[in-house]
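K.L.:
Chain by chain, the residues run as shown.
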Amino acid sequence: GEDVEQSLFLSVREGDSSVINCTYTDSSSTYLYWYKQEPGAGLQLLTYIFSNMDMKQDQRLTVLLNKKDKHLSLRIADTQTGDSAIYFCAEPTSVGTYKYIFGTGTRLKVLA
Amino acid sequence: DTGVSQDPRHKITKRGQNVTFRCDPISEHNRLYWYRQTLGQGPEFLTYFQNEAQLEKSRLLSDRFSAERPKGSFSTLEIQRTEQGDSAMYLCASKRGSTDTQYFGPGTRLTVL
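Keeping their order, the protein sequence lines are chains A and B. Residues 400 to 511 in this note's numbering are what the first sequence spells out, letter by letter. Residues 11 to 123 in this note's numbering are what the second sequence spells out, letter by letter.
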């Protein structure tokens with residue numbers, strides 16, 4: 400079955416770049432997603448990448464996709480204290496209901 | 011606000027009580043999902059509706075759980091005879107087309123004492 404894995408914690412200093420990594424299993428996924436969750440809140444869509452792309456840039460966010468290794472990363476440039484949150488990558492199932500399979504989330508802590 | 015809304019945002023109940031949560035999706039979205047998120051974990055799929063039809067249920071959805079979407083708009087999730095293990099955040103998401111992006115509501119945090 401599908402599985403999505405992420406490292407649990409990342410700590411960076413304000414102004415540095417953050418890189419959050421994710422590995423997934425379903426090579427036929429059409430899109431892959433990154434969501435942000437602040438304490439006690441729901442999931443906020445950050446960005447997504449179509450599976451035929453290698454890279455997508457959106458302001459401070461850069462998504463890299465390596466389909467061969469089934470590896471997805473999210474880079475946040477000039478990380479701010481407001482970026483402190485949990486980041487989830489999500490892979491939709493390729494058939495049926497396209498429900499999302501989420502990783503366990505990476506908790507990003509930004510140090511001032 | 012035209013996003014997904016959920017009510018209530020927080021619910022505290024005693025073990026054995028029944029609870030019901032409501033989700034109002036984005037108006038033109040005919041596909042609706044429920045997920046459950048426990049502490050330190052990512053959300054896990056519970057069930058899926060396309061219009062009023064419930065098309066998939068996870069094995070996580072025990073007999074004590076029931077979900078409805080009677081008119082293909084809002085949805086309710088009921089938990090009967092709550093247990094402490096039901097304590098979690100219950101998230102609702104909606105989308106328009108089959109491969110479109112899901113948009114999530116703020117969630118309902120359930121605490122069972």
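Hints should not be assumed to be uniformly reliable.
As the list claims (entries may be wrong) - Simulated restraints, written as ranges between beta carbons of each label pair:
1. A:477 x B:64: 43 to 49 Å
2. A:440 x B:74: 40 to 46 Å
3. A:480 x B:90: 30 to 36 Å
4. B:90 x A:408: 36 to 42 Å
To be verified - Partner residues aside, some chain B positions facing chain A, computed with beta carbon under 7 Å:
5. 51
6. 55
7. 58
8. 66
9. 70
10. 95
11. 97
12. 98
13. 108
14. 114
15. 115
16. 116
17. 117
Derived by calculation from the structure, the hints in this document are not laboratory data. In this text, a Cβ means the ideal position worked out from N, Cα and C, and glycines have one as well.
K.L.:
Each of the hints needs a verdict: does it hold here or not?
P.N.:
Results of checking the hints against the structure:
no.: 1; hint: A:477 x B:64: 43 to 49 Å; result: holds (45 Å)
no.: 2; hint: A:440 x B:74: 40 to 46 Å; result: violated (27 Å)
no.: 3; hint: A:480 x B:90: 30 to 36 Å; result: violated (43 Å)
no.: 4; hint: B:90 x A:408: 36 to 42 Å; result: holds (37 Å)
no.: 5; hint: 51; result: holds (6 Å)
no.: 6; hint: 55; result: holds (4 Å)
no.: 7; hint: 58; result: holds (4 Å)
no.: 8; hint: 66; result: holds (5 Å)
no.: 9; hint: 70; result: violated (12 Å)
no.: 10; hint: 95; result: violated (19 Å)
no.: 11; hint: 97; result: violated (14 Å)
no.: 12; hint: 98; result: violated (13 Å)
no.: 13; hint: 108; result: holds (6 Å)
no.: 14; hint: 114; result: holds (4 Å)
no.: 15; hint: 115; result: holds (5 Å)
no.: 16; hint: 116; result: holds (4 Å)
no.: 17; hint: 117; result: holds (5 Å)
In this structure, the hints that do not hold are numbers 2, 3, 9, 10, 11, 12, in rising order.
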